[in-house]
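My request is simple: use the sequences and hints to build the entire structure.
Counted the way full-length UniProt numbering counts, the sequence shown spans residues 1 to 92.
The hints are simulated quantities; they were obtained by calculation from the structure and are not laboratory data.
Ideal Cβ placement from N, Cα and C applies to all residues, glycine included.
Treat the hints with caution; some may be incorrect.
Pairwise CB distance ranges, derived in the manner of DEER restraints [to be verified]:
(1) GLU32 <-> THR75: 19 to 27 Å
(2) ASP22 <-> ARG59: 15 to 23 Å
(3) LEU4 <-> THR75: 32 to 40 Å
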Amino acid sequence: MPLLTTRATIYLGTWNVRTMWDTGRALQIAAEIRRYNLEFLGISETHWTQVGQQRLTSRELLLYSGHEEENAPHTQGVALMLSKQARNALTG
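This is the structure:
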């Protein structure tokens with residue numbers, strides 16, 4: 001079934017993670033997205049710099065945005081994590 005239909009139930013969430021600067025934090029968040037069966041997760045306070053995307057080994061897609069300058073302090077940032085199904089719906 002396609003992700004966005006009138007009959008589909010989509011679960012989404014938000015999480016203030018306080019930081020994703022720790023090693024393995026993205027994979028921990030990916031485990032939680034699977035645990036709660038979420039398609040989309042809005043993430044605040046990532047503390048990452050730059051803008052980009054990362055495809056995790058667990059197959060989720062992480063889109064992130066922070067300070068424009070690479071040497072800026074790690075004090076802000078937001079991200080959106082998409083499940084494998086949501087990623088496939090986005091990229092086709």
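So, going through the hints one by one against the coordinates:
no., hint, result
1, GLU32 <-> THR75: 19 to 27 Å, "holds, 23 Å"
2, ASP22 <-> ARG59: 15 to 23 Å, "holds, 21 Å"
3, LEU4 <-> THR75: 32 to 40 Å, "holds, 35 Å"
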